[in-house]
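Next come the chains, spelled out residue by residue.
Number of protein chains: 2
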Amino acid sequence: MRTRREMLVSLSAASALAATGWSGSLVAMSGTPATVNRQIVLASRPKGKPTLDNFRLEKSAIKPPATGELLLKTRYLSLDPYMRGRMTAGPSYAQNVALNDVMLGGTVSEVLESKHPDFAAGDIVLSNSGWQEYETTSAQGIRKLDPRISRLSYGLGVLGMPGLTAYVGLLDIGEPKPGETVVLAASTGAVGSVVGQIAKLKGCRVVGIAGAKEKCEYAVSELGYDACVSHYDDDMASQLKAACPDGIDVYFENVGGSSWEAVMPLLNTHARVPVCGLIAHYNQTELPPGPDRMSVLQSVILTKRIKMQGFIISDHADRIPEFVTNVSTWLQQGKIKYKEDVVNGLENAPDAFLGLFSGANFGKLVVKVS
Amino acid sequence: MRTRREMLVSLSAASALAATGWSGSLVAMSGTPATVNRQIVLASRPKGKPTLDNFRLEKSAIKPPATGELLLKTRYLSLDPYMRGRMTAGPSYAQNVALNDVMLGGTVSEVLESKHPDFAAGDIVLSNSGWQEYETTSAQGIRKLDPRISRLSYGLGVLGMPGLTAYVGLLDIGEPKPGETVVLAASTGAVGSVVGQIAKLKGCRVVGIAGAKEKCEYAVSELGYDACVSHYDDDMASQLKAACPDGIDVYFENVGGSSWEAVMPLLNTHARVPVCGLIAHYNQTELPPGPDRMSVLQSVILTKRIKMQGFIISDHADRIPEFVTNVSTWLQQGKIKYKEDVVNGLENAPDAFLGLFSGANFGKLVVKVS
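The listed protein sequences correspond, in order, to chains A and B.
The C-terminal position of the first sequence is numbered 659 in the working numbering, with every residue numbered one higher than the one before it.
The C-terminal position of the second sequence is numbered 659 in the working numbering, with every residue numbered one higher than the one before it.
Each pair may be met inside one copy or between any two copies, as identical chains are not told apart.
Here are the computed lysine to any residue pairs in the SDA-like style, where the Cα-Cα straight-line distance is at most 25 Å:
1) Lys-593 <-> Arg-334
2) Lys-491 <-> Gly-652
3) Lys-348 <-> Ser-403
4) Lys-593 <-> Glu-550
5) Lys-593 <-> Phe-612
6) Lys-593 <-> Asp-604
Derived by calculation from the structure, the hints in this document are not laboratory data.
Note that the structure is a prediction, hence the values are computed from the model and not measured.
From just these sequences and the hints, can you work out the full model?
This is the structure:
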C-alpha cells in the first residue's frame, strides 16, 4: 500500500516541504475555492470486528469561519487502533463518536482561512479534524506543527502521538536499564518501532513480536532488534522463551491476547509493564471461556512484584518538548528509522482502518487526504 | 484471645520492658539451663485450607553455639498470612518450608549465649527463628531491636515487618494525596490498621473493609476511619459505593476476592493499587469458573490508567530508619493506635494461625513463646 510519493520523499526539511507541495494556501493556488467537504461518518456501531458498513461517505457544504475560528484543509489523517474503542457506545476513557458524526482522528491540516489572531492562512497545524477533507473549528486544541518536523505526516507518527506514546511509556513507566530485556508486540508499528529502537539506544536487549515474516525480518535487519518472533507461529511462546534467556524486564503492552500469554510466564521479578493498548481484545464481543484467571494476573503482579500501569498519551503533554528534541535528533542521526504506510484518498480510509486489525499495514498507517 | 498481660502493658518504654520481664538472661534467672527445644514442623502440605494435621510438635536437644553463632530464645513469634504460601511445594517468590522442617516466621528473641563479637547475652534481637523455642544460628540476618521500640512484640507488628509493609506500600506506591479516598481491606489487621491511620494522617478519606461488626465499629471509633463496611454483608459492594462518593484513588490490596470485586468498578482514573497480599486466594485449590476475566483486569488498568504494583517488604529495608522514626513518634503521640491479639504458648500457634483465614484474630496475631 505504500505509495511512490513515500519512497521519493527525503528526510531533509527543505525537500520534504517541497515534495508535499506546501507552498501556501491551496485555495489561493487553485483559483476556485472548494465548496464541498467530503466526510466519513459512523453509520452504525460495530459488533466485534468493524466492517465497511459501519462507515458512510457524505458530502456537506464548507462553512466559512466565524470570528475566532479557522477553516482547515486536511493534509494527512492518522489511522490508529484506539479509534475502534470510540466506535462503541459503552463508557470508555474518552468521548465516543456519536452515530452519524464524523469519525474522529488526528490530522495534519493547513489553515486555509483564519479569523483567529494566532494563526494565518498557510500555517500547518496539528488538529483533530477527523475523517474529513475540511473542518471549520475554533482554535482550541490546534497547535502549529513544530518546524523541526521535516515531513508533515511525521507529526502524526514518529514525532507525534504514537512517538510520544512510545517515548513516555518506555522511558517513564518502563524505566529500562542497560542490559535488561525489553519485549514489545506490534513491533514494527507506529508505536512499537519507536519503543524498540529507543530501547536499543538505551542498551537493552530488544525482542519483538510481529505477524508476517517480512515484518520480523525488518525488525531485526532494519530496526536492529536482537530477535523477533511471529505470533503466526504455533510455537511462538517457546520461540519467545528462547529469545529471552534472561527473562523479560520490560514488556511494552499494546496488544494483549497471545502476546501477553507468551510474555507473562517470562516476566522477571520487578518487571515493568506499561499498558498502552490491547488491540487483540478490541473486537472481542464476549470473554473467553473459563476458568476465571483474573486472580492469576493479580498473583503474578504480587509474587513477581510487577508494576503494571496503563496510560494514555494525552495525560503527558508536558513531555512533548523533550520528546521532539530527542527523537528528531535521533531521526536526523539515522539512529531511529521510521516506516510509513501511506494510503491515498479519504475514501480509502475505512478499508485501511479495517486492515489494522489483521496486520495488513506495514508501518504507521496514514491517509494522504489532499 | 487477648491476654490480661496485653491489657496491662503500657506504652512507655520503661514499663514495657519491666512488664515483659526483660532483665537479663532467662537462663541465668532460672538457674537450670534449658536443654529441650520444642518446635512446630510442617508435617504435611495443605490442600486448600490448612488444618492442624499439617503441623506437628517435636522436641529436640538445644545445640550449643559454635564460634560465630548465637543461641537465641524466642520471646514472641509473629503469625502472618504469607506463611500459607511457604507451606506449598510449588514455586513462590520466596523459599518454601521443606516437609518436616520447622515452620518459618519472624521472632523477637533474646540472646542466651553469644559466640559472635557483635552480640552479647541479654541482647534482644529480631530474628527469623520460626516456630520454635530456641534457635542456634549464625548472626546473619539477626538485627538488634531498635531501642525506641517500647514493647518487644511491636517489633513484629506496628514497628516491624507489617508496619513497614503498610508504610512503604501506602506512601511509596500508593502515593496518597490530601482529599483522596483510600480503601483498604483487612482494615483492623496488622498491616491494614497502620495503612488506614497513616492515610488519615495524610488527609485522606479512609474507608475500611472488615469482617465482624465489632471490627468495623473499632475501625471507625478507634482508628478514625470515615467508614467501614463488612464483607459479611451481601450488599457490601453497594455499601462500599455509598461510602466512596468520589470513587477510590488508592486501594491497598492485601485480600483480593470479594473486596477486589467491590473495589474494581469504583477505581478512579489514575488510581494506584499497591498489592501486598491476596489472602482470599491463598487456600484456593482451583480457579473459579469462567468466563476468563484476565483481559478485563488488563482493560481496567488501561482505560483507567491505573498503576497496580506488587511488592514484598524485604525489598525495602532502606526505608526502615525513616519508618521507625515516624511511626514510633506517631505511636507516642497517640496518632496511631495499635491492637495486638496475643496467644500464649508455642503449642497454640497452629490453631491461631488457622484462625487468620477466618478472621478469628482481632489485631496483630503474635504468640508469646516465653
